[in-house]
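S.K.: Whole structure, please, built from the sequences with the hints as guidance.
These protein sequences, in sequence, are chains A and B.
Just so we're aligned: 187 in numbering that gives the first Met the number 0 is position 188 of the first sequence, and the numbers increase by one with no gaps anywhere.
Just so we're aligned: 97 in numbering that gives the first Met the number 0 is position 98 of the second sequence, and the numbers increase by one with no gaps anywhere.
Quick caveat, the hints were computed from the structure, so don't treat them as lab data.
Certain hints may be false.
Intra- or inter-copy, both count: the list cannot distinguish identical chains.
As the list claims (entries may be wrong) - No more than 30 Å apart at the CA atoms, straight line, and that leaves these computed lysine-lysine pairs for BS3-like:
(1) Lys1 <-> Lys299
(2) Lys116 <-> Lys73
(3) Lys284 <-> Lys39
(4) Lys272 <-> Lys39
Number of protein chains: 2
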Amino acid sequence: MKEVTILSPATIANIVCGFDVMGFAIHQPADKIVMRLLEKKEIRIINKDGYNLPTEPEKNVFGGALLAMMREVKEEIGFEIESTKVIKPGSGIGSSAASAAGVVVGANHLLGNRFLKNELVRFAMHGEQIASQAWHADNIAPCIYGGVTLIRSNEPLDIIPLDFPPLYVTVIHPQIEVKTSYAREILPKQVSLKDAVTQWANVGGLVAGFMKQDYDLISRSLQDVLIEPVRSKLIPSFDKMKKRCLEAGALGGGISGSGPSVFMLSKDQATAKAVEEVMNEVYRKMGVEFNVYVTTVNSKGVEIVNG
Amino acid sequence: MKEVTILSPATIANIVCGFDVMGFAIHQPADKIVMRLLEKKEIRIINKDGYNLPTEPEKNVFGGALLAMMREVKEEIGFEIESTKVIKPGSGIGSSAASAAGVVVGANHLLGNRFLKNELVRFAMHGEQIASQAWHADNIAPCIYGGVTLIRSNEPLDIIPLDFPPLYVTVIHPQIEVKTSYAREILPKQVSLKDAVTQWANVGGLVAGFMKQDYDLISRSLQDVLIEPVRSKLIPSFDKMKKRCLEAGALGGGISGSGPSVFMLSKDQATAKAVEEVMNEVYRKMGVEFNVYVTTVNSKGVEIVNG
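M.R.: Shown next, in the form of structure tokens:
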């Protein structure tokens with residue numbers, strides 16, 4: 000039986016100013032998925048972790064993504080999936096996107112790589128939709144393309160991979176629940192044109208900063224006048240922690256996706272570790288459980304490790 | 000007496016989606032300015048065109064810009080300016096910016112190039128402010144830097160020159176009056192977050208498109224869901240003309256600054272000329288006076304032609 004083992008990484012959507020349009024992949028944490036090609040139309044899901052996610056294909060992120068792909072495959076085929084999730088659901092670092100992106104890349108590999116990356120993104124979005132009830136690619140796109148991506152449009156899909164310089168990423172995941180639906184509900188429906196202009200000036204600056212590999216420009220552009228002021232209230236000690244991370248030398252950072260994880264970008268590993276120390280310090284005092292990762296931007300995205 | 004002759008080009012602000020943050024310089028039309036260094040604190044303005052612009056330094060764009068520069072010069076110096084404006088005031092292609100940018104670059108040359116480009120932009124903004132009552136660099140920055148610029152912030156000034164591919168520009172200037180103040184008044188104060196996201200996705204796409212020299216991406220990103228729907232009503236037959244220009248092969252385009260000029264970008268000269276023909280056809284039928292220019296993006300900006 001044809002088998003493949005996949006590592007599917009966490010992703011950070013929005014990147015401060017780029018709400019709903021930008022994201023990047025990181026190396027750690029990453030989910031492990033083993034997939035086997037079946038010779039009948041069936042999706043078998045075996046959870047090897049403790050998250051008890053649903054295993055009925057129609058209610059499951061893996062299933063949603065694979066069913067979308069299988070509609071465009073003529074042969075009688077199916078997949079068995081052994082999933083070991085490491086990216087905690089609800090952490091805000093693309094847990095469901097890693098599932099959806101991982102299985103479509105794995106399935107494509109088992110089928111002889113017949114689909115293009117942007118087709119894989121579209122299939123995976125069907126899976127993501129089951130988890131988030133929204134049609135968006137801000138985690139899926141960087142998970143499949145790797146690196147930093149701009150999603151100019153979700154419909155029709157227009158994904159633009161951006162060059163970027165080496166970047167270290169420190170991520171803290173406070174073990175509190177922030178529902179994506181609530182984090183979206185509290186956003187203003189209307190914003191001032193003035194603030195919107197400030198935001199798109201920074202989006203332009205961030206895109207140029209990545210492409211020019213200009214750390215200072217990246218740093219100056221990591222400002223969010225619209226979303227962060229509202230959502231940061233859901234994250235304990237956000238302002239204090241951010242201020243101290245910047246003092247420790249971080250280029251900038253903010254809420255990962257809709258939270259509760261918070262990320263900071265740094266130019267070098269020493270700074271990223273100093274930022275980790277600051278995050279540890281602020282959170283240890285609060286009595287909230289948390290994990291911190293020090294990692295780097297992942298230019299590969301989903302990876303076939305065996306198969 | 001030290002003398003210099005300057006060509007100061009027209010500029011196109013906004014570039015469709017990049018309202019208030021982007022702009023580029025073009026080769027035609029351009030103003031001619033002759034400047035002479037005086038040995039006393041005086042600004043003498045001689046208009047050699049028919050526009051009858053004010054000659055009192057405090058009420059004049061040249062004067063406003065030069066006075067700002069002279070405040071940072073210790074010596075007893077002044078300037079005589081012979082101005083031949085070709086860029087019609089009120090045309091929406093940076094007429095006042097060309098005046099302000101031209102004289103500060105000329106003065107800097109006469110003083111042995113002691114100021115940096117971003118300092119020159121700041122001086123010129125004082126001149127631009129006299130004409131437009133606003134503190135902005137979207138025409139000044141590309142006029143002084145040349146090429147395509149992103150203004151990430153006006154205060155503090157943060158100008159980012161962007162790489163770009165060869166681009167032909169067709170500009171039509173209908174001889175109607177659109178007051179900048181009115182064109183700003185009619186804009187909504189509030190916009191939907193959804194539309195703002197669409198706009199900054201396109202700003203990101205346009206920045207990436209220029210830098211990657213990707214004509215298709217530039218074309219897809221030249222969309223404005225916020226400003227054009229409101230301001231285009233001030234320009235006769237805008238929608239019809241735009242539609243026909245796109246059919247003729249233009250990459251895209253829209254209102255230049257706050258209008259009434261309209262520009263279109265093309266990949267090659269033949270297309271830019273076909274676009275010119277379309278503009279001619281649409282406007283000839285309307286009985287509105289107009290000029291059309293076919294030119295290219297100007298990577299130099301203000302140029303010293305003699306001195």
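S.K.: Tell me, in ascending order, the numbers of any earlier hints that this structure violates.
M.R.: When the structure is compared with the hints, numbers 3, 4 turn out to be violated.
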